[in-house]
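Colleague: Residue strings, one per chain:
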Amino acid sequence: MKMTGAEAIIRVLEAENVDTIFGYPGAAISPFYDALLDSSIKHILTRTEQGAAHAANGYARVTGRTGVCVATSGPGATNLITGIANSYMDSVPMVAITGQVRSDMIGTDAFQEADITGATAPFSKHNYLVKRAGDLPRIIKEAFHIASTGRPGPVVIDIPVDVQNTVIDFHYPEHIDIKGYKPTIKGHPGQVRKAAAALQAAKKPVICAGGGLITADASGVMLELAEKRNIPVVTTLMGIGSIPSDHPLHFGMVGTHGSPTANYVLHHADLVIILGARVGDRAMGAAGALAKKAKIIHIDIDPAEIGKNIYVTVPLVGDLKHILGAMLELVEAGRNTEWLGGIADWKRKNSKPASWEANGQYAGNGSQKSYIRDKSDVSDVSDTSDVSDASDVADIPETEYVNPKYLLSILSDYLPEDAIITTEVGQNQIWAANHFKVRKPRTFITSGGLGTMGYGLPSATGAKVGRPDSTVVVISGDGSFQMSMQELGTMKQYGIDVKIVLFNNHRLGMVRELQLTRHGGRYSQVFLDSNPDFVALAAAYGFRSERITSNARVREALERMTASSGPYVLECLVDPMEPTL
Amino acid sequence: MAKHILSVLVENHAGVLSRVAGLFSRRGFNIDSLAVGVTENHDISRMTIVVDGDEYTVEQVSKQLNKLIDVIKIKRLDKHESISRELALIKVSSNAATRSEIVQLVEIFRAKIVDVSKTTLTIEASGSEDKVAALEDLLRPFGIREIVRTGIIAIERGNRIMKVTNNEESDTNG
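For the protein sequence lines, the chains are L and C, in the order given. Residue 1 is where the first sequence starts when you use our numbering, and the numbers rise one by one after that. Residue 1001 is where the second sequence starts when you use our numbering, and the numbers rise one by one after that.
Chain C on its own, in the form it takes in the complex (with noise of 0.2 Å):
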């Protein structure tokens, strides 16, 4: 089934996460990845939710979530005209022999070593979900030995925004 991305901004207070995960759960959506943070405005914070499911089950999912009353509006960002990126943070395992070849690749993709011991290299990568998915492929020969990922996060592209205008009705009738 086809991934897609939801830009939802909601009320920056607690219980809002429980509420849309509770949703999630309740409803039988499955969830790729949840990543949230608040915004340019402190009252609200922006949730990027990769969904998997087919147009009916985006459908649904966007028109329960616009149901909750802390979700102030929810966008579909179509791949093409917005970026996306996830950041990694990878321990791999390494040693004098096999250091530098580590070093090289990550010099490839740009990523960047963090922090450094005897046995191990931490790694901080960003970037698509695939350039992360390539580096985690090509650094599990030497011994991976722990992924923290952040889910992916997504902005459109140009100088489309979304904000929170007043008074608008939501968005219905298709």
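Excised from the complex, chain L in its bound form (with noise of 0.2 Å):
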């Protein structure tokens, strides 16, 4: 059948049910957005390449399928460079398509022209310069095989736009065969059986949880293993969702911004089952002594991160849900009681109430103050509220604040199980991650990796998108809202109905910390006291918003987020000294 190339890039996409791309046109692209036009493909229109790339991942980690961007050449595929990064740190499927200036034209730096094949090769999982149009669909289909299997990530086709015009008799590939890739999915079963009986044999075991195991959907077996010996669960910041917050087993998150107590069933274990995780230095920075006092069980999908970070007594490569399946069978029922009670008495001594539970009130963690005065000022709740009010931040008392630990908290009470948690970096990361209470995989969405301000916004677009029943919610800070804030129009074009919790500290909160404990508080570039009013903001754009500024407010102001139809800013004034823990 003849069809143009752009034309095919549209039937290969639809032959791999994809519904909904991101994107944003271009000169360089336009066959492609031509095509487009007579698909059932929906598109959404970003307000930047970069907020496309973030949207397709977001997409992608709520979906499990994998997520599309478009961009055009130059400036267009440059501007998804971050989202791609951050794709690939996490191992998230993606296939970006970008246009690139005509065939004949490249390597003269004609206009908008960019090698982005070069510039992505070290941070996507692969790439193609397409020369042919004839190659197109086979490209498209191997892109999309290699973005989803074996061990996740983005592939770039960069597209010249000369190929997109070019008419080919199409054919639709069944089958492909890439001869340098063939991802190991069974477990070598001797491994299996060395890893089975060193977790029978081991008197402090202990999962290590991370992102991998939300990937391979191998959270309920890995659940139904733990309660079957009775193994105390930690997890990694991707690993967040593996486990209930809840669940009895789950010990919190491990690493330099995770709980003492992750940290200590850790690094007190005998045997330590890391399973998808990659031993990332802020997740387990002393991997070298912990490898020392116990015996380490890997395993992933990724042989190169076997033995990358840390020495492994068995690894163990393959998919976690036919590998932990496997050992299910292998080993028996067993209780742990004396590591778990070691355990529970060492919580019990060494954690203290959180702040906003001493005597009922908000101590405050970074200074002395006493925050709620008294009980008349948590009884009034009327007329402080300023529901979509553009009051001047500098009206408000100073001694007035939300705790972001105390409403991440309670966070859950007013959302359906199913409700995705979106975050930016920063603070508001590690508060969310320590605080709120993740009942689900694929629910807790942040940018582990990279470490991507401006993530959390255009992610919960494209996790919207991908979950329109599931409520959705990004945990925000004034800093990194303000780097993706103009997605703000990408979600009043299209209605989609995010509600934003910002957390606003004035601050560069996590730096200025940093520079608080490393640099003896001189501060250097960490202050924004000049923010816009983000209440009036969000009314620009005709979404309801409000402004709190007491612990007092939160409960109502939670209800109300949650009671409105679509998208919704609730800022909340943070003490400018809040700590991250």
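In case anyone wonders, no lab produced these hints; they're calculated from the structure. If a hint is listed, it holds; no wrong ones were tucked in.
Listed below are the simulated DSSO-like cross-link pairs for lysine-lysine, each with C-alpha atoms no more than 27 Å apart in a straight line:
(1) 308(L) - 1063(C)
(2) 186(L) - 1075(C)
(3) 1163(C) - 1003(C)
(4) 1067(C) - 186(L)
(5) 308(L) - 204(L)
(6) 204(L) - 293(L)
(7) 204(L) - 292(L)
(8) 1075(C) - 308(L)
(9) 194(L) - 228(L)
(10) 1075(C) - 179(L)
(11) 308(L) - 1067(C)
(12) 141(L) - 1067(C)
(13) 141(L) - 179(L)
(14) 179(L) - 1063(C)
(15) 182(L) - 1067(C)
(16) 1063(C) - 194(L)
(17) 308(L) - 179(L)
(18) 1067(C) - 179(L)
(19) 1063(C) - 186(L)
(20) 204(L) - 349(L)
(21) 321(L) - 1067(C)
(22) 1063(C) - 321(L)
Stretch by stretch, here's where chain C covers chain L in the computed footprint (C-beta under 8 Å, at least three residues):
(23) 113-126
(24) 177-183
Here are some, though not all, of the chain C residues that point toward chain L, as calculated from beta-carbon distances under 7 Å:
(25) 1022
(26) 1063
(27) 1064
(28) 1067
(29) 1069
(30) 1070
(31) 1071
(32) 1072
(33) 1164
From the three backbone atoms N, C-alpha and C, an ideal C-beta is built for every residue, glycine too.
Reassemble the complex: the two chains are provided individually, in unrelated frames, and hints are given to aid placement.
Modeller: This is the structure:
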């Protein structure tokens, strides 16, 4: 069947069951956009290409399907780069299609020319520069296969504008065979037996659950295994959601910004079972010391991750669902009473009540002041609530703040079980990771590896498009929010119902804290005291919005936010000195 | 640190060399030499890469190379179980007084004179890295003007061959 290259691209996207793509048009991708008009594929026009990449990422993470983003050549393509790198670091399946200048112009520094395959080689799983239109069906099918199998990741397809216009005889390849790409799925049976035996013999085992568990849809079988032998579970940042936060075997997130209990459990175990985690420096910085004290079972679909950052006793390559299923058959039920009892004792001795719980008053972590002055302040809920009020930030007494940890710890009370949280990067991310009660896999969406500010809002739009029936809430900070706030326009255009909880401390809080602890409090370029009025900004987009300035207002505000339909901005004034942990 | 020889089968198309070279630089691996050429199957090229590093490094290099979609197969060649050769072209100063002495050296090393001028001789030498280095050493007193070396290529001894097999899962569990 005769058709243009552009039409062939659309045909293959349809054959891959792509229902939505995120993108931004331009000259070099215009034949594609023309062909798109005759397709049922929905296109979401974002406000920058980076927004499209993050939205495709959010879509992919909540649905488990491959996200697709599209941009033109040159600046369109380079704007995608952060989103591509972000997907690479977090192993998110994505296909990024970019227009390129005419084939005969490549290498001449033509208008809007950029070598995007060269630029993305370090952080894409694979990329293609398409030279013959006839190759398009095979290449696009291969791209989806590579992006979504093995350890998922982004694949970039760069398509010169003349290739999009070339008429080809369309043949859809039913099978593809990529000689250099055969991911290992089934674990080596001998290694599986070794791992099961080590688990059976361990006195103090711990499961360290990573994002790979969620990617592999193996959270359920991991929980079965943990419950069968009563193994405590700690997670990495990417692993949040693999076990419900309130599960009795869950002991929190490990790492520099993790919970003390989780780190205690990890470093006092005699067997650490690392599942779908790459032993990153923020999660397991003292990996060398850990491996000296404990046996390590490391299971991952990417052989290159095993033995990279930690010495491993039992390496196991393959799909977690297969492998954990096989291990579940091999191990006997166990209690681990002594080990779990020891952890409980330690936790009792070492954990302090949360600051907002002490005497029913918020004591304030960062300063000595008590913010709720008396009971009358708590009960007086009507007259200081400034719903859609553009009052000047300067009018609000300094002593009035919302404790973000408190808000996050009760937020799930107002959300359905399958509600999705996306976060920005910075203090808001860690507050959310440690305090929000996650109940299901694929509902805690955050930029783990790259740590991309400006990720939360566009990824939330993608998440909502992917899972339209779920409530989607962005946990944001005033710094990150302003990196992607133009995406409010995308939300408005398509009526994407995302709720934004914006913690405004008028600081780049994480960096401020770092400067306090590492640079003796010499604050450098972390002040955002002249932030815009976010409530008025939301109103300009026609969104409902509200600013709250005390803990006493939190519950009613969350109720209003979750009860309203349509996009919503809940700005919470936060103490600039509020610590991360 | 020890030198290790990796034989790598890759897809024979544009961009593969830059992917491999880029991987080495961004992961901080040191390449001693890299030689590449097409194989008996014209869709496939073979790279011989000499890596400088310890066991951990070589394992990481192999695993990271394996992740490249264009890399089809990797094999570490044992020094004693393989034959390695390097080709060098050496331009050395010569005159009537020194020419015959140089020619003698070249004969001893079973190298060849491939070009001659009034003031220079160009020598083609091939062999193990050590042999080429020894010849270079002996020619140095005459004045070496230029050296071009190909880097090592290597092949296994005996009937062992390196070929692409289909439906093979990547080499993984240790």
